[in-house]
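Enquirer: Order-wise, the sequence lines are chains X and L. Going by this note's numbering, the letters in the first sequence line up with residues -15 to 455, in that order. Going by this note's numbering, the letters in the second sequence line up with residues -15 to 455, in that order.
Take these hints with a grain of salt, some might be off.
Same chains, same label: a pair holds when it works inside one copy or across any pair of copies.
To be verified - Quick list of in silico lysine to any residue cross-link-like pairs, SDA-like style, CA-CA up to 25 Å:
1. Lys40 / Gly451
2. Lys444 / Arg227
3. Lys422 / Gly102
4. Lys422 / Arg70
5. Lys449 / Arg53
6. Lys422 / Tyr99
7. Lys105 / Ser407
8. Lys355 / Leu290
9. Lys230 / Pro163
10. Lys449 / His232
11. Lys355 / Gly289
Simulated from the structure, these hints should not be mistaken for laboratory data. Being a predicted model, the structure only gives us computed values, none of them experimental.
Here is what each chain is made of, one letter per residue.
There are 2 protein chains.
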Amino acid sequence: MSSSLSAVRGAFFDFVDDPWKHIGNEQASARFVKDGLLVTENGLIKEFGAFDEVSKRYANVPVTHIKNRLIMPGFIDGHIHFPQTRVLGAYGAQLLDWLQESIFPEELKFRDRDYARGAAKQFFDALLAGGTTTCQAFTTSSPVSTEEFFAEAERRNMRTIAGLTGIDRFAPDDFLIGPDEFYRESKRLIEQYHRKGRHLYAITPRFAVGCTSELMNRCAQLKREHNDCWINTHISENPSEVRTAKIHFPDCNDYTEVHEKHGLLGPKFTAGHGIWLSNDEFRRFSKAGAAISFCPLSNLFLGSGLFRLGRALDPEHRVRISLGCDMGGGNAFSLIRVMEEAYKVGMCNNTMLDGSVNPREQDSAEAERNKLSAYRAFYLATLGGAESLYIDDLLGNFNVGKEADFVALDWNGGQAAMAWHQSLVTEGTPATMEEAAKLLFGILAIGDDRNVDETWIAGKRAYSKSGGAVA
Amino acid sequence: MSSSLSAVRGAFFDFVDDPWKHIGNEQASARFVKDGLLVTENGLIKEFGAFDEVSKRYANVPVTHIKNRLIMPGFIDGHIHFPQTRVLGAYGAQLLDWLQESIFPEELKFRDRDYARGAAKQFFDALLAGGTTTCQAFTTSSPVSTEEFFAEAERRNMRTIAGLTGIDRFAPDDFLIGPDEFYRESKRLIEQYHRKGRHLYAITPRFAVGCTSELMNRCAQLKREHNDCWINTHISENPSEVRTAKIHFPDCNDYTEVHEKHGLLGPKFTAGHGIWLSNDEFRRFSKAGAAISFCPLSNLFLGSGLFRLGRALDPEHRVRISLGCDMGGGNAFSLIRVMEEAYKVGMCNNTMLDGSVNPREQDSAEAERNKLSAYRAFYLATLGGAESLYIDDLLGNFNVGKEADFVALDWNGGQAAMAWHQSLVTEGTPATMEEAAKLLFGILAIGDDRNVDETWIAGKRAYSKSGGAVA
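With the hints as constraints, model all of the structure from the sequences given.
Expert: In structure tokens, the structure reads:
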């Protein structure tokens, strides 16, 4: 046996399929190994299965036994803003005012390399404490912030997607970046970072209100020249934003057409929010293979509105969905908190969809899809997010060959009321998948980052609740 | 000096008026003593003011110096369900189904005295960990649960309002209580508990869907015979519930009229939720001196809807408002989490009120009242709640003669991202009221029960975060 092998033993829970394809039998989408062994080599999963079986073949490999925890793939955050780390949860305004008052002034500080470097430490510490092992992040219009983001990700050996964030109007002058400079700097950064180590690069036009057609065209050019890159942006977050976008692009019939006309909508394209998208826009997203990142923490905190998950997942125009905390619009880093709010958004939508307020709005099929079971929620936070971001070849579950990023969840962590609640399910380690799923719903409903006991990156412990970040 | 005197030194923040009466100058509603001394005697506030002044007169009194914390009056929860402690955050259903599937089966267990006693310990531990020192609670239809509730409150010397919770339809048979038995048992419990120690009694018809007219009449009779008692119930939580209530009371034009016709609406009457109340109903609540408990955690978790706080606070028909966690419909005990969700509900309402979706809904005055600053939120959680419940003669701020229940808030507690966020305000103890308010908003936005470092009851430490409940 090579000495680079190591293994983790414990109770494992991951997904092999999409639970929305198994309505009434969601267990068929999941995999639960009550006493499992995950063998890793150089950060990749070498073998995974029942301890009794697998351990025979790895007799001399050092094993870390994680007891009384559920081990899941690391959480994947499809939409987060690195330079808003310090101003998350800022008081008082909807999107457009909030950007001007609270966000742009803070983001401006990220031209300073020392500030950006310190912030990157804070950012990744907070991510790991929330159990997030991969994120797709916005940076700022200064290359410095993108460089420091990737530098810190590299120190932690984390798989991330990010890119210089272009905005050439609707911000203070010294925050803007012209289309030519944006193109030049993006190209330089792509060559420096894309597919180097675990870095993936996203061409990042911030949002249509802040991007001229010239900037959008430059993004399309970059995508043509570097087709393997990702595209990351925002869409239809707030009604006033939607109307402003329409004024800026009068020849587009809707917000989605802005991205279509500029040749951006397609695979590896993610737009955050999508609250106010029409069915027809969902259909075009679906057909193009483009994705939406659902950010309920932010959508509630900024009052943007209630995303219609059940509508986006209509089998007739099913859209790829990731979860995003959208910190700082979102007021926490924890994807557990995101799942909680996603559940609530679904419930609020369903009160309208049951027809009791307006019979014309009744839609029990959409309502069913809105209901966020533990299976559905944790799928979105892991394999579903990976599929949405087109990185499920790399990670998202415990399949052999994938990268070994995972979390150990303590189902009794969290508020004082939690342990007694969970004792309704079991006093010991869950015996069945259904018991495990009930504990996971308890985490979703009344837990938070306190339920993340350990976070592992590429087969190594990178965070433990008692000791903080290890890196 | 008598030896029963003791004192606490620290930075104090409380309210002397309603911040909604001081739009643009909310500081006028608050009191901030950067270095204060609170002297207590037998659980009551003997003197309060600047340390330099007050300490001169109490030279030999033992002082506990609480450093690097904001000391506020204990939080007041206007609406919570003691027997739902274990099933908070239950999966999957709106109000009426949720009651049948998850809640009544658990509440039935509270006929068993041992179970109820154990639950009471869990309940008060969780309350104190959240910084809640006073609550108005529902129990069950079994007197045992009310007795054990008050017994545990007494052991902790806590000011509470509760009462036998009447329901004579819409529940399993063995959970119902007939109007005569309800009357008899309520009367017995009133005589046993009301105004004994810190107990206050609330005549408690659960909600109109579960209460026949006969039961409501018995409540009115109890109120006539014990006019000093409180009344606690629910109203207009969910659209289906509102319609069901209408079917049960066909001679009432709206839900509020059910309570009016039965002679219940008046001072010391609180109804939880009130999401779907009309302006006219708010007017009648206002005129009667009746109160609503705003429960946003629950309203989102059960998808009940978005309470229109700014409308309820319209100066033309201003309604008394407390905050309630409504655990178990609410998925946490923490009033900090309640404030967070209340803020979000206001923001979501405001996106509709800005006219960008529907110009007919534009109302900037209502939108302004929806905005939950730190002043407004913490007022509702302390003095405002006390005024709403008509207990502001007893507690709610640090006025001399009031009961000395308070919390010590650690503005750096909470998720990993918190401390760096708060360092934007100050690296040390806040120097001004405005700095303190900014730290409090940080707690509201990105904090939770972890920000409650200590909870004191009647001048004695009853909980500390590091050590749990002291009692």
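Enquirer: Determine for every hint whether it applies to the structure shown.
Expert: Structure-based check of all given hints:
1. Lys40 / Gly451: Neither, since 33 Å and 45 Å both go past 25 Å.
2. Lys444 / Arg227: neither (47 Å within a copy, 56 Å between copies)
3. Lys422 / Gly102: Only across copies: Lys422 and Gly102 sit 23 Å apart there, 39 Å inside one copy, limit 25 Å.
4. Lys422 / Arg70: Between copies only: 14 Å across, 34 Å inside.
5. Lys449 / Arg53: Close inside one copy (13 Å) and across copies (24 Å); limit 25 Å.
6. Lys422 / Tyr99: Between copies, since 23 Å is at most 25 Å while 43 Å is not.
7. Lys105 / Ser407: between (37 Å within a copy, 16 Å between copies)
8. Lys355 / Leu290: both (14 Å within a copy, 19 Å between copies)
9. Lys230 / Pro163: Close inside one copy (21 Å), not across copies (61 Å); limit 25 Å.
10. Lys449 / His232: neither (47 Å within a copy, 53 Å between copies)
11. Lys355 / Gly289: Both ways: Lys355 and Gly289 sit 17 Å apart in one copy and 16 Å across, limit 25 Å.
In the structure shown, a violation is registered for the earlier hints numbered 1, 2 and 10, in ascending order.
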